[in-house]
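Turn these sequences into a full structure, and let the hints steer you where they fit.
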Amino acid sequence: MKLKRYGWLMLLLALAMVAAACGGDSADTTTTSGGGGGGTATTTTTAGGGDTMATTTTSGGGGGEMMTGPGVDVANKVIRLGYLADLTGAFAPLVIDITDAQRIYWDKVNAEGGIADGWTIEMVVEDTNYNVEQHQEKYAKIREDVLAIGQSTGSPTNVATLDQYVADDMLFIPLSWYSGWAIPDFDHGLAFEQNTNYCVEAMDLVGYMHDDQGAQSIALVTFPGDYGQDAAAGVKMAADYYGMDIAYDGEATVIPGQDQTPVVTEIVNSGADFVFATTNPSTFAEILGGAVQGGYQGLWTGSLPTYDFRLLDTPVGPILDQAYFQSAYSATWGTDVAGMPGLQEAIIAADPERRPSDAFIIGWTESIAIRKVLETAIANGDLTRAGVVAAANSITDVDFDGLAPNQSYAGAPNDYVQRAIAIYRPSLDAYTAAGAETQTVSQDGGGTTGSLLEKDFFVSDAAADFEFTAPCYEL
Amino acid sequence: MRGRPNLFISYESEMSLFPTVTQRVGILVLVAFAVLVPLGAVPFFGFLGDNAWMVVINRALVFAIAALGLNLLTGVAGQVSLGHAFFMAVGAYTAVVLGGDSGRTIWGLGLPIWIWLPAAGIVAALIGTLVAPTAVRVRGFYLAFVTLGLVFIGLHLWRNLGKIAGGPTTGREWPPLEFAFWRGQSPLVSFSTEGPWFGINLSKDAKTYFFLLVVAILVAFLAKNLMRTRIGRSWMSIRDRDIAAEVMGVDEAKGKLQAFAVSSFYAGIAGALYAVVLGRVIPESWDLLLSVEFIAIVLIGGAGTVAGTLFGTFFVVLTPRVVEDFTLWLANQAQAGGFFSPIANLFVATGSSDFGLVSTGAAGPGLSIFQLNIVLFGVLIIVFLIAEPLGLFGIWVRIKNYWRGWPFTY
Chain A
94 MKLKRYGWLM LLLALAMVAA ACGGDSADTT TTSGGGGGGT ATTTTTAGGG
144 DTMATTTTSG GGGGEMMTGP GVDVANKVIR LGYLADLTGA FAPLVIDITD
194 AQRIYWDKVN AEGGIADGWT IEMVVEDTNY NVEQHQEKYA KIREDVLAIG
244 QSTGSPTNVA TLDQYVADDM LFIPLSWYSG WAIPDFDHGL AFEQNTNYCV
294 EAMDLVGYMH DDQGAQSIAL VTFPGDYGQD AAAGVKMAAD YYGMDIAYDG
344 EATVIPGQDQ TPVVTEIVNS GADFVFATTN PSTFAEILGG AVQGGYQGLW
394 TGSLPTYDFR LLDTPVGPIL DQAYFQSAYS ATWGTDVAGM PGLQEAIIAA
444 DPERRPSDAF IIGWTESIAI RKVLETAIAN GDLTRAGVVA AANSITDVDF
494 DGLAPNQSYA GAPNDYVQRA IAIYRPSLDA YTAAGAETQT VSQDGGGTTG
544 SLLEKDFFVS DAAADFEFTA PCYEL
Chain B
575 MRGRPNLFIS YESEMSLFPT VTQRVGILVL VAFAVLVPLG AVPFFGFLGD
625 NAWMVVINRA LVFAIAALGL NLLTGVAGQV SLGHAFFMAV GAYTAVVLGG
675 DSGRTIWGLG LPIWIWLPAA GIVAALIGTL VAPTAVRVRG FYLAFVTLGL
725 VFIGLHLWRN LGKIAGGPTT GREWPPLEFA FWRGQSPLVS FSTEGPWFGI
775 NLSKDAKTYF FLLVVAILVA FLAKNLMRTR IGRSWMSIRD RDIAAEVMGV
825 DEAKGKLQAF AVSSFYAGIA GALYAVVLGR VIPESWDLLL SVEFIAIVLI
875 GGAGTVAGTL FGTFFVVLTP RVVEDFTLWL ANQAQAGGFF SPIANLFVAT
925 GSSDFGLVST GAAGPGLSIF QLNIVLFGVL IIVFLIAEPL GLFGIWVRIK
975 NYWRGWPFTY
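Listed in order, the protein sequences are those of chains A and B. Here the first sequence stands for residues 94 to 568, numbered as in the working numbering. Here the second sequence stands for residues 575 to 984, numbered as in the working numbering.
These are computed hints drawn from the structure, not numbers from a lab. All figures in this text were calculated on a predicted structure; none of them were measured in a lab. Accuracy of the hints is not assured; some may be wrong.
To be verified - Computed beta-carbon distance windows for the label pairs:
hint : chain 1 : residue 1 : chain 2 : residue 2 : range
1    : B       : Arg713    : A       : Asp333    : 40 to 48 angstroms
2    : B       : Asp814    : A       : Gln386    : 51 to 59 angstroms
3    : A       : Gln386    : B       : Gln945    : 35 to 43 angstroms
4    : A       : Thr213    : B       : Ile960    : 46 to 54 angstroms
Think of the CB as a built atom: it goes at the ideal place given N, C-alpha and C, for glycine as much as any other residue.
In structure tokens, the structure reads:
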């Protein structure tokens, strides 16, 4: 009985804390959206939240008139960017590195005095668990508080949330390289796509295998859906272009978690010069190991997300070292380019015990790109969402300091779509010599992911001649 | 005589849906509360009217519909089913094939909601009746395993039936929530676009909320009503002792069939609404975890009662959000310093070198909030099974009884 009475007391205490937490949350919402002084009572946001979407014009902040909207705190010169990141789901290992690189980038920029004339960036990070439902709920949670979405993980998640982005006129960087993101009919000009896309990438890879490795026949194995079939479309167009033979067409035949034996058998029987795979790393390792065991002796390549340097820790490491050609949209960790030392220093300073990762560079370059957008919008005196979208669709020649090829976003997709990739080869020796799994970014030489540059950024003939006017694969 | 609990002077009054005045008033207050929520007009709970909360509450309403269905099957008729996600998927895909747009790679007839919504329930119910005979042959664990198999068969089908489900990992789009007489006509009422209703400007989530609220109230009444009919009583007798029920003349096979059909009907409707509200669902969504969530709802809420199921749903769906807000609030407290600061510091890790059970950063050492929620659920289910088998409903009944006898409670 006594215990029970304490139980109620505890429950009451817990409830009080929870109520305080919820109340605190809503008070936050008022201050951030209104920008006014601390409202502690419950908010009276109308159902639509329509009022907070209104744009206001304020003078101050750079002398001229600055139009601002949600996500901008003029008084303190703070811009809030949303990050809908998969921190616990299927792509968490990759996305955690990307998101941390973005955080480290903005911390550095803020510490150095911010962008333009002293604006600082605040990240609002939400975990989406690579789940459509969570993505939408988290977006609804932050939409009134952010100016743009600095990173939004996944294809199905972004496609499902696209309607809401359109309703809010919200610029977002999709962490998904589907070719449709470059097409205004599909994304309403809101997806601020980075790097190339799966379709063009596939053309470049096939071009490389044809021109530099003398390959004539392809075994194609991909996941179904936007990722696998976008790449498959690119492979087929390039094969057509070069007159190559598709010895096995396994478009959309690889389903994660299912038995891969039929696919493996087809690869072995095809006797193709190389295999083009568009899967995830674990499925790829399964197929690679199976086919080599079955006697397949050709070369291997695949879309960027197919490979992960952590595969070098597994039994397929030696095969990757021998036969894999790795695609890259941006430089890998430690590659000798102008922007690399600055990036490495910042990451070492922030987290010296961190394992090296190529994903840091993706997060870093995405931040550089959106910084350019914000600077342009500030220069235009228009920090509203519409202003940010207009800025994003007007900038040209964003310079990534060699970390990625320069990129433009103005004009028609065919004029500006990024067509360049680089080719790397995994080196098990280099990776093991640096300490394999035990590496840290602060060790001598900075560690390595084992990727050695084979061919610097190039555009294949097939990709260069490709008229890009519609998504390669229609969703 | 009036106002005395458990004293009924006629059969009608004992059997009525809400036998006491308190209950009737309570229901009215609840409905008024529910209507005012999206307007942000409820004192102290105004924040629930934010879109951020409306989205979560909408999911809770959809889950409530599905959970009511599972409650009829598992809680009332005693048939454990792990296949609820499968029946939801059947409903969702029926809805999208009938109501969705067709494309080069997908089927869709573009029919209006008054066709696809009932059809979603009916098709799911038909498939439910096909499964029901196995429930006559096996029970308990074995039935759970049979229905578990359904989820995996379903997952295989949805991944491979591209014309119906869209591709794996991409899925397809569901029709918007709007009412039109026939395809191609502009909708008479749209529940999925922002705009004014009766002079009040409402967000799309608020409109969706009202639609879901009406459906949820309807099916909740249906469930409550069903439980006091001959069919409902036959289900309960099968649950309590199937052999005894048969001896008394209850047709066990028929009862189980009905239970499966009705439960699947609920699941079908809920599945269709779930997908329509989300807009796009990938085939992988209809997995075991979804089924388990409903089992958790029924167990935590209290098996066999409508009110318990509703408690359970809101508890299970809203708790993660509350835990999340709470953890973030604790993290703020830990950093700001203050009354709760020492406790908060123990619990939350804010940086990569900070100690704590939960980390709020992207790559902290502790559990992520998502993992914390999963752990919490496991613990909650165990605690409820051991300490309060009647679930939240049981706690509610005890509170009620305490006040009923007040001030002579002992």
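Using the beta carbons of Arg713 of chain B and Asp333 of chain A, state whether their distance is inside 40 to 48 angstroms or not. Because 59 angstroms falls outside the window, the suggested range is violated.
Would you say the C-beta atoms of Gln386 of chain A and Gln945 of chain B sit inside 35 to 43 angstroms of each other? 36 angstroms, holds
Should the hint that Thr213 of chain A and Ile960 of chain B are 46 to 54 angstroms apart at their CB atoms be regarded as holding? Given a distance of about 51 angstroms, which is inside 46 to 54 angstroms, the answer is holds.
For the range 51 to 59 angstroms, tell me whether the beta carbons of Asp814 of chain B and Gln386 of chain A fit it or not. Hint holds: Cβ distance 57 angstroms, inside 51 to 59 angstroms.
Hint 1 from the earlier list is the only one contradicted by this structure; the remaining hints agree with it.
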